[in-house]
Amino acid sequence: MVIDRLQAFLGYPYITDTGIKLYSPTIAEIAAMGYLDYMIHLQLSLFDKSKILLELFRINFEKYESLKDENDYDVLIQNQAIRDYIAKSLSVFVKDTVEFDENRLAFYVGEVEFINKNNYTKISSAIQELNAIVDAANPNPKFKNGKAKEILDKLNHYRNQHKQKDSLDLKDILSILCAADGNGINVFNVHQLTIYQAYEHFERTIVKDKYQRLLPVWANGYLQENAQLPEWISKTKF
1 MVIDRLQAFL GYPYITDTGI KLYSPTIAEI AAMGYLDYMI HLQLSLFDKS KILLELFRIN
61 FEKYESLKDE NDYDVLIQNQ AIRDYIAKSL SVFVKDTVEF DENRLAFYVG EVEFINKNNY
121 TKISSAIQEL NAIVDAANPN PKFKNGKAKE ILDKLNHYRN QHKQKDSLDL KDILSILCAA
181 DGNGINVFNV HQLTIYQAYE HFERTIVKDK YQRLLPVWAN GYLQENAQLP EWISKTKF
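1 is the number of the first residue of the sequence shown in full-length UniProt numbering; add one for each residue after it.
Hints in this document: simulated from the structure, not taken from any laboratory.
Computed spacing ranges between beta-carbons, pair by pair:
{"no.": "1", "residue 1": "LEU105", "residue 2": "LYS68", "range": "19 to 25 Å"}
{"no.": "2", "residue 1": "VAL112", "residue 2": "GLY182", "range": "39 to 45 Å"}
{"no.": "3", "residue 1": "ASN103", "residue 2": "HIS191", "range": "40 to 46 Å"}
{"no.": "4", "residue 1": "ASP172", "residue 2": "ASN103", "range": "43 to 49 Å"}
Backbone N, C-alpha and C fix where the C-beta goes; we use that ideal spot for every residue, glycine too.
Build the full structure now, drawing on both the sequences and the hints.
Structure (structure tokens):
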């Protein structure tokens, strides 16, 4: 994990090696920009060429095949329009203007270097973690051969197209947090949470709710054989 979990839990930013602050957006900020725009900004900030080119820009899969073995950063900065979109999206998470320097092939905040080819994976991992994406530990898995990666790319592409319509969205998660007892979260203050805090609290709420529902079943001896009472005092994924 790149970020400090305690700092993220308390709503503090992650500070890069060059002193630039990366923030987990608040619910109010996400609502103001629109959830769809937030998700687009997030995707553009992660420097994943397959998701950016295939899912956002919808380029032909055969055309993508010619780029699949190239470095993600190198591919994405070749196109000025994509560079500009990425810079604009990164600005959301640093709360400052991010610009691309064509001579130094790096993204800058003012005169301070922010992202380059050598650190983009670390920064993208930090952004993922601040936005409660749990697979941040391995954003770019290694493959034994090109065919394996091709199959996974296609599979992920179709999975994203056919996500369950009844899955919980952010509004539902916030509503559940507001309805949960004892956490002090309500409709009047939930907007103050960062997206990291919201998902972290939600995970804890789920585990605690399961524990509370099964506790009377366990106490009366009705829990299935070999079944264990879930422990809610445990480490979260975030």
